[in-house]
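So the chains spell out like this:
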Amino acid sequence: MTGWILLALVGAMVAIDGTSFPQVMISRPLVSGALGGLVFGRPLEGAVVGVILEVYHVGTLPIGAARHPEGGTAACAAAGGLAVAGLPAAAPEVLVTVLLALLWERFTGRTVDLGRRLNERIVQVWRPGPDPGRELERRHLAAAGVDGVRGMVVTVSGALTTFLAVRLAAAWPAESTVAAAALGIAGAAVLGGTLGVFGGWREKGRTFLLGVACGLILLAVT
Amino acid sequence: MRLTRGAGLAMLLRSFAVQASWNYRTLIGTGFCFVLLPVLRAVYGGGEHLHDAVRRHSGIFNSHPYLVGIAAGAVARLEAEGAEPQLVERFKSAVRGSLGSLGDRLVWAGWRPVCALLGVAGALAGASWWLAALLFLVLYNAGHLVIRVGAFQLGLRYGRNVAEHLRTLPLDRVQRSLWHAGAFLVGVLAPLVAAGELLADRLPIAWIFAGAVATAVGVRFGTAVRLPAVVVLMLGVVVAYALGGA
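Quick mapping for you: the protein sequence lines, in order, are chains F and W. For the first sequence, this note's numbering assigns the number 1709 to the last residue and increments by one with no breaks. For the second sequence, this note's numbering assigns the number 653 to the last residue and increments by one with no breaks.
Chain W with its partners taken away, still in its complex shape (with noise of 0.2 Å):
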């Protein structure tokens, strides 16, 4: 049977809930078989069919969120073709993993830090609040709205190929420019947060110059400096309100 595009709007809609189950037993499992059921029950109809389709593909699966039209779109159309259900079952244990680590690499430590920074940046340049969300909630969806749709278009189009397809894509470089991008971004802000501008006063030079050395630290020590500022914070509120007494 030919896969109608009611089916496949469908099935893009109903990808922005794929996580709303997400457990540790079975990961984005349900989410998934919920994302295709308009194409199982348009080639199963109901009964044990449906049945049986539903219990096979609600099992265990992953991906990142945005990038799961890949894998629905060429199951949707292996269902349609009528392909067997041990090669659907091979074809999805062969994709979710790499389907998860693509996503990840791309949007939750590429695309989505670089347009936080960005937010930060409006903000801290002194653009209005709204100014700065609205400029992070555009740019963001708007990328996040063609990694979505276009994941579907890959996956409905190259069915179980789809794999080879990516690879021709220039993924990598997309990655490089976009953690080039992010690296230089936190350059940029880093001499702004240490001069105190996240309140938009501008602190004395000795608070600076330890702000630098701060960054220096972080530098070298990367997220695990995360646990070391909170206890910093701490201290300040001790000494801010003991000097403040004083």
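The shape of chain F in the complex, shown without the other chains (with noise of 0.2 Å):
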């Protein structure tokens, strides 16, 4: 009970940090998957969830008013599951693990654009008082509190979905091949399709080229 606890809190940082206080991006993927499975006491299964993760976040932008999945509470919630479930980081669990993770996140960000729409409510509600501040101040971190409650909700019931979903896929034996040739195909995709963000391969083709040459050399000698 107490994992399912400082799962639920740790939720609520990682909601919290992804746009209302203070962005120092534990809301990463690559952050919260692994403290996701620390909660849980296996944060090692947690970061490789919140690794592959991360490959599908690198590319998405937060910019101006985009409606975007949140991979922060979805990552932190599959990483935990997938701890709480005792199993290895195996491959076709991951591979379950990951694309829970990535329909999750759909759901999440709905949830997101739902609390901004509540937010318009929180602040538009304007009555002169004798401490027109004070009244604002409450109001603004109100809004924080109810997104940090919004991502208590969204880590545990993701959280406990994963779980259920890995044990009974475990139920079954799985082609680990297959299912690491999945995550690598996919995620090599995903990868790609970042260099857009850096300016694609007419502008940056190069300096790609330069790269995957290294790359190469690394995958070589090691």
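Note that these hints are calculated values from the structure, not bench results. Take these hints with a grain of salt, some might be off.
[Unchecked claim] Quick look at which bits of chain F chain W covers, simulated, 3 or more residues with Cβ under 8 Å: (1) 1640 to 1647; (2) 1656 to 1663.
[Stated by the list, open to error] Computed, partial: chain W to chain F, Cβ under 10 Å: (3) Thr433; (4) Gly436; (5) Arg448; (6) Ala516; (7) Ala523; (8) Trp537; (9) Leu578; (10) Val581; (11) Ala601; (12) Gly643; (13) Val644.
Glycine included, each C-beta is placed from N, C-alpha and C at the ideal position.
Relying on the hints, combine the two individually framed chains into one complex.
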């Protein structure tokens, strides 16, 4: 039970960090995944899930009022769910966990949208009082509190869903190489797509190819 | 009146929560007023004047959260100097769009993805989980803090002339360097990811080739490949469990 309470608290912190406060990026999947696993004593499994999900999120830019999936809480939830299931970070289990996280983050992204609409109401009602500054501060910080509660709910429910799904999947044997290949192929495609963030093939093709050459050398020597 | 160091520090600390009430109607307007409040209280005291100032500054406003200090610092200086409300409003309208796009390019599409790719590279290179996460957090937040503090210093020092000073900074060069670093890191990581290093388990050559083709498809179609990639994962689940039971 302590683990679930801790996960809820971490989920709240991750959700608040995403937009409200202080945006130090514990809300990145790379960090929140490891934190989700750490809560249940399995940070390595959490980190594996977090690193894979980070690859999917490098190219997601929170520009303007864009609506986008919320990767932080989803990674935390997925990593927590896999960790509490007590299963190793083998390819089939990780594949199921990552897939669930990528679906869950679309739902959590919708809750972010709802939260922003709720914030409109929270800050809209404006009554002149003896201390208008205090009233504004109260409402502003209340919105962050609501965001935290939202984070708790989506993280714990996401972890529970992942836990059940991974446990269910573990009852069947799975072909590990195919699962690992699916993660590799999908990850490589998304990573390739990230080049667009840095100017794309036309502008940065040569730099990209130089990187590929270094990557190939690394592969050869390791 | 002269702005105190304490008021400046309070504004800086409050700026970390500038987006707490982000909404589609006023964007970060309420947060901007939240940041300015220590100065508004010092300038107007309380009562009707403070109420008017709070109402003026809680309207629509937008900026990148890390660069809000440029606008907040400059507005704080204008308010302390007793500038006309219309002048302050004109200044806010003039800077709000450009601060948003500047921060988006430099931080969201530059510094952050580069740091994240370095963190992923660290993990794939065999660094322990906490070291990869720590590398990302320390590196990213070093830049984050420099930008936030620097933004306030610029705003407070140059006031309404801050935009002219911003044009003299080599921001385009910084962005170009970040994009080169990002493109290079994507290139380094692509073969590692395609080869199955995400799970520290080298794939057979046929699958690596498929990963290389997938990378090329990603480069061609950009972030539009995200949804098809999820479909690939779904197919992977189906095939892996179907073959496992066979």
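Next item on the list: Grab the minimum C-beta distance from Leu578(W) to chain F and call the hint holds if it beats 10 Å, violated otherwise.
Entry: Interface hint status for Leu578(W): violated (16 Å vs cutoff 10 Å).
Check: Is the interface hint for Val644(W) satisfied, with its Cβ closer than 10 Å to some Cβ of chain F?
Finding: This interface hint holds because 6 Å falls under the 10 Å limit.
Item checked: Proposed interface contact between Trp537(W) and chain F, which counts if any beta carbon pair is under 10 Å -> holds (7 Å)
Notebook entry, point to check: For the region 1640 to 1647 of chain F, do three or more residues have a beta carbon lying closer than 8 Å to a beta carbon of chain W?
Noted result: violated (count 0)
Note to self: Please check whether Thr433(W) passes as an interface residue: C-beta within 10 Å of a C-beta belonging to chain F.
What the structure shows: Holds - the Cβ of Thr433(W) comes within 10 Å of chain F, reaching about 7 Å at its closest.
Margin query: Given a cut of 10 Å on the nearest C-beta pair, is the interface hint for Gly436(W) held or broken against chain F?
Written below: Holds, about 8 Å.
Note to self: Hint validation: Ala523(W) versus chain F, beta carbon distance must be below 10 Å. Holds or violated?
What the structure shows: Holds. Min distance 5 Å.
Next item on the list: Could you check if Val581(W) really has its C-beta closer than 10 Å to a C-beta on chain F?
Entry: violated (13 Å)
Next item on the list: State whether the coverage of the region 1656 to 1663 of chain F by chain W holds or is violated, taking the criterion as 3 or more residues with Cβ-Cβ distances under 8 Å.
Entry: holds (count 6)
Check: Per the CB criterion, is Ala516(W) less than 10 Å away from chain F?
Finding: holds (5 Å)
Margin query: Checking hints one by one. Is Gly643(W) an interface residue toward chain F, by the C-beta closer than 10 Å rule?
Written below: The hint holds - Gly643(W) has a Cβ within 10 Å of chain F, the shortest such distance being about 2 Å.
Notebook entry, point to check: Going by Cβ atoms only, is Ala601(W) closer than 10 Å to chain F?
Noted result: holds (4 Å)
In terms of the numbered hints stated before, the structure departs from hints 1, 9, 10, listed from lowest to highest.
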